[in-house]
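Residue numbers (the working numbering), protein chains in the order written: chain A, 1 to 273; chain U, 1 to 301; chain Z, 1 to 317.
None of these hints come from the bench; they were simulated from the model. Please note: incorrect hints may appear among the correct ones.
[As the list claims (entries may be wrong)] As a list, the in silico DSS-like pairs of lysine-lysine whose alpha-carbon atoms are at most 25 Å apart:
| hint | chain 1 | residue 1 | chain 2 | residue 2 |
| --- | --- | --- | --- | --- |
| 1 | A | K134 | Z | K158 |
| 2 | A | K248 | A | K235 |
| 3 | A | K94 | Z | K231 |
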Amino acid sequence: MTNDPLLKVTGLRTHFSSEHGTVKAVDGIDFQIERGGILGMVGESGSGKSVTGLSILRLLGSGNATIAGGQVLFHGEDLLTKSAREMRDIRGKKISMVFQNAMTALDPFFRVGDQLVEVIRLHQRVGKREAKLKALEAMELVRIPEASRRLSSYPHQLSGGQRQRVMIALALSCGPDLLIADEPTTALDATVQKQIIDLLAEVNRELGTAILMITHDFGVVARLCRTVAVMYRGKIVESGDVARVLEKPEDPYTQKLLGSVLRLHSEVRRVSA
Amino acid sequence: MTSATLTKPATTAWRRRSQFRLATRALARDKVAVGALVVLILVVLVAVFAPLISPYDPLVGDPTMRLLPPGTPGHLLGLDGQGRDILSRLIWGGRYSLSVAIVPVLCAGVVALVLGMVAGYSGGRWGELVMRLLDVVFAFPIVLFAIAIAAVLGPGLVNSMLAIGITLVPYMARVVYTATVQESGKDYVEAARAAGLTEVEILGKQLLPNVLSPLVVYATTLAGLVIVLAAGLSFLGVGITPPAPDWGVMTSDGRQVLLEGYAHVATIPGLMIFIVAIAFNLLGDGIRDALDPHKQTGSRT
Amino acid sequence: MVGFLVRRLLTTVLVLIGVSILVFLIMQLVPGDPVHTMLGQAATAERVTEVRHQLGLDRPLIVQYLDWVLGVPRGDLGQSLTLSQPVSSILFPKLGNTMILAGGSLLICLVIGVPLGMVAARRQYSVVDRGSMFLALGGASVPVYWAGLVIINIFALKLGWFPTSGMHDTRNPGGFDDVLVHLVLPSVAAAVVPTAVVARMARGSMVEALHADHVQMLRASGVPERLVIWKHTLRNILPPVVNIVGLQAGYLLGGVIFVEVVFNWPGLGGQLYTSITAGDMPMIQAGVLFIALVFVVVNLVTDIAVALLDPRTRKEA
Numbered sequence: 001m002t003n004d005p006l007l008k009v010t011g012l013r014t015h016f017s018s019e020h021g022t023v024k025a026v027d028g029i030d031f032q033i034e035r036g037g038i039l040g041m042v043g044e045s046g047s048g049k050s051v052t053g054l055s056i057l058r059l060l061g062s063g064n065a066t067i068a069g070g071q072v073l074f075h076g077e078d079l080l081t082k083s084a085r086e087m088r089d090i091r092g093k094k095i096s097m098v099f100q101n102a103m104t105a106l107d108p109f110f111r112v113g114d115q116l117v118e119v120i121r122l123h124q125r126v127g128k129r130e131a132k133l134k135a136l137e138a139m140e141l142v143r144i145p146e147a148s149r150r151l152s153s154y155p156h157q158l159s160g161g162q163r164q165r166v167m168i169a170l171a172l173s174c175g176p177d178l179l180i181a182d183e184p185t186t187a188l189d190a191t192v193q194k195q196i197i198d199l200l201a202e203v204n205r206e207l208g209t210a211i212l213m214i215t216h217d218f219g220v221v222a223r224l225c226r227t228v229a230v231m232y233r234g235k236i237v238e239s240g241d242v243a244r245v246l247e248k249p250e251d252p253y254t255q256k257l258l259g260s261v262l263r264l265h266s267e268v269r270r271v272s273a
Numbered sequence: 001m002t003s004a005t006l007t008k009p010a011t012t013a014w015r016r017r018s019q020f021r022l023a024t025r026a027l028a029r030d031k032v033a034v035g036a037l038v039v040l041i042l043v044v045l046v047a048v049f050a051p052l053i054s055p056y057d058p059l060v061g062d063p064t065m066r067l068l069p070p071g072t073p074g075h076l077l078g079l080d081g082q083g084r085d086i087l088s089r090l091i092w093g094g095r096y097s098l099s100v101a102i103v104p105v106l107c108a109g110v111v112a113l114v115l116g117m118v119a120g121y122s123g124g125r126w127g128e129l130v131m132r133l134l135d136v137v138f139a140f141p142i143v144l145f146a147i148a149i150a151a152v153l154g155p156g157l158v159n160s161m162l163a164i165g166i167t168l169v170p171y172m173a174r175v176v177y178t179a180t181v182q183e184s185g186k187d188y189v190e191a192a193r194a195a196g197l198t199e200v201e202i203l204g205k206q207l208l209p210n211v212l213s214p215l216v217v218y219a220t221t222l223a224g225l226v227i228v229l230a231a232g233l234s235f236l237g238v239g240i241t242p243p244a245p246d247w248g249v250m251t252s253d254g255r256q257v258l259l260e261g262y263a264h265v266a267t268i269p270g271l272m273i274f275i276v277a278i279a280f281n282l283l284g285d286g287i288r289d290a291l292d293p294h295k296q297t298g299s300r301t
Numbered sequence: 001m002v003g004f005l006v007r008r009l010l011t012t013v014l015v016l017i018g019v020s021i022l023v024f025l026i027m028q029l030v031p032g033d034p035v036h037t038m039l040g041q042a043a044t045a046e047r048v049t050e051v052r053h054q055l056g057l058d059r060p061l062i063v064q065y066l067d068w069v070l071g072v073p074r075g076d077l078g079q080s081l082t083l084s085q086p087v088s089s090i091l092f093p094k095l096g097n098t099m100i101l102a103g104g105s106l107l108i109c110l111v112i113g114v115p116l117g118m119v120a121a122r123r124q125y126s127v128v129d130r131g132s133m134f135l136a137l138g139g140a141s142v143p144v145y146w147a148g149l150v151i152i153n154i155f156a157l158k159l160g161w162f163p164t165s166g167m168h169d170t171r172n173p174g175g176f177d178d179v180l181v182h183l184v185l186p187s188v189a190a191a192v193v194p195t196a197v198v199a200r201m202a203r204g205s206m207v208e209a210l211h212a213d214h215v216q217m218l219r220a221s222g223v224p225e226r227l228v229i230w231k232h233t234l235r236n237i238l239p240p241v242v243n244i245v246g247l248q249a250g251y252l253l254g255g256v257i258f259v260e261v262v263f264n265w266p267g268l269g270g271q272l273y274t275s276i277t278a279g280d281m282p283m284i285q286a287g288v289l290f291i292a293l294v295f296v297v298v299n300l301v302t303d304i305a306v307a308l309l310d311p312r313t314r315k316e317a
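With these hints in hand, go ahead and build the complete structure from the sequences.
This is the structure we're talking about:
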């Protein structure tokens, strides 16, 4: 039983209808994440990796996006067949998501602490005082300095890196089994990027939270992930152990992606030599 | 050096022509705006050709036929309290109601253009000071301001136009000022200066077209408000006075008899004001959308 | 925050002074000699000079202005020419009536305009959205005097649900109920344009708020939709909505003269109308000043409210 993967996606298809016809953003992909595992989903813009993350949590909205088929098994249960209410219970509690837009992801009209407490009290039967303590714990978990003071801050009073940490704190506040991170570091400075990646690694180590890391940066994958899936035009063209894929990529697209990265690194080496 | 001065005026002129063409095409696609424009043109034409179209003399009434309702044979819209044909008065009234709306907007627009551009371009403290002084006018509700000036100047067509024109200048000048300040900071102005164009040329050829667009949008929507305001002045007796067939005067005339049960005398001219106001507003919206570069390509954002 | 308040108050004082100067100057635009008009054609030159001196009209403009404006804080606005009473004793009671009318209109505007805009935004591009925005566009172009007449015609004359005019029943003036019944039609007439404007504006703000990034984050955290709408987006659109409602108060004050005339409502606007017709200059001057002052104060209150409502105006904690 414990050998079953935490998340098992088979044949997922997500389509967008536009005035130019149907766009198959995700066109039949299979992957899985073990308990406590870290899977990196790599690809360029438009590859469908973000849509995959949104499809798992069914956050695509009722507009022109539809999940056209497949199975998303979480703890053995198919998320695609769950009711709206059941999904709401899962979001933020069993599976959480953080996004790229750290600067704008928090409601500017509410204090940071209040937003944490709101989510905590939503998913757990705790009183206000206990919820505040849990909020504080979450803030300390993500290593925000002066956490208790920061609880009464408004989002605009925090830096970009701090806001990203708060977003992660929000996501982890109810102890989810899986964290989906959609380009969480892209909009941040290089030094802050490193800090966030290390934070995620630590969270995975200490709490055993599995991570689905969606990124276009192979460097992030190399740093953080254990397994990787490469996406191109809605399909997974290669997957496997990070070490293996980095060393011996089999698919030509993967090679091309990696090639550009390696070329850059060798150029840098030549310049600094 | 010579090539720069040769190409600069040519490229900007081309850019302006094509922008204008893009805007007109986008506007033509907007059915609602086109409809509004058609309505407005019709109203103007009817007013211009009033002597030919109007079935009766708007000032002569038959007291024996007073207050007859719409549908009375020979009088499509009925007669007013003095036995005058309402349709005829409506047709002739267009001359008053439209001119007292359009003339002030045009004149105030010209004044505002000059004022706003000079203040915005020479920029800095002097321009800001002028705008701050105008801010006092914005501390008044616009309608109250116009009423106050009209009340003080006295009734009459010219006084009405004057009162409204004076009221509009600060509002339009502010729009011009803001646009001028924004555009002055942009790169193409620097480039023009570097290419050796004189200040006047820059103001006229570079800034003017870009400042004109927001002003035209603003002016068209403002016209909608002005037509209601102008008629309102006449309604209160501080604008155009009876027996002139201005729509506001007609509405005011109709007020007394409405309470006696003859609603058509007041509601019909009022409806006319309403229709023209809506048309101006719709046209203004349409022009604004047509000038928006996103909408011009026809994509739905 | 405090700095903002201080600056705003200072600006307001300057604006108030500017407004009083402007009102005074407007009054000087009167063509012809007001004293001559007052006394008629037959008056002798001596009599004219005498009366002019009596009224203090022969003093330099600045002196006249200062004399007038310094009386304002004391409540002394001069003497009415036609009613032989102090201006303030006529205007002050009417101010309250106008406030009641404006209050009624603002209430309608809020209660109908904001929810309408919110619902239209939720169902963007639907029939409800297009229909209500179409109505709002029409509503924003309505001439208020015409709307008043049409409303009287339908609801007072034809249906007889409400009285046609006035604030109280002339035969037995009652209390609250009586005023309420008389308040309905005029406030509805006055509210048409503001409600339409607020509805359009609320829709726009709501659409923007619904597409904000943090809404996605809220949904991803499992927050139920009703909390997303009624707790978060409502709070988000509060500053722009309060702002536009405040602006509508300004529109109402400008247009109040029309409604009060059509419905015979005994307020400032109606009094202003009477004074204009009678040529009572001190009354006109004071009436215009009064309304303008109220407008400035309303704008000030609105600006402060908007600043208080938006946490982003607060600096570092």
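- Query: Within 25 Å, alpha carbon to alpha carbon, are K248 of chain A and K235 of chain A?
  - Reply: Roughly 20 Å separates the two Cα atoms, so the pair holds.
- Query: Given the proposed pairing of K134 of chain A with K158 of chain Z, does the C-alpha separation stay at or below 25 Å?
  - Reply: 65 Å, violated
- Message: With the threshold set at 25 Å, check whether the alpha-carbon distance from K94 of chain A to K231 of chain Z stays at or below it.
- Response: Holds - the C-alpha atoms of K231 of chain Z and K94 of chain A are around 24 Å apart, at most 25 Å.
Checked against the numbered hints listed earlier, the structure breaks hint 1 alone; every other hint is satisfied.
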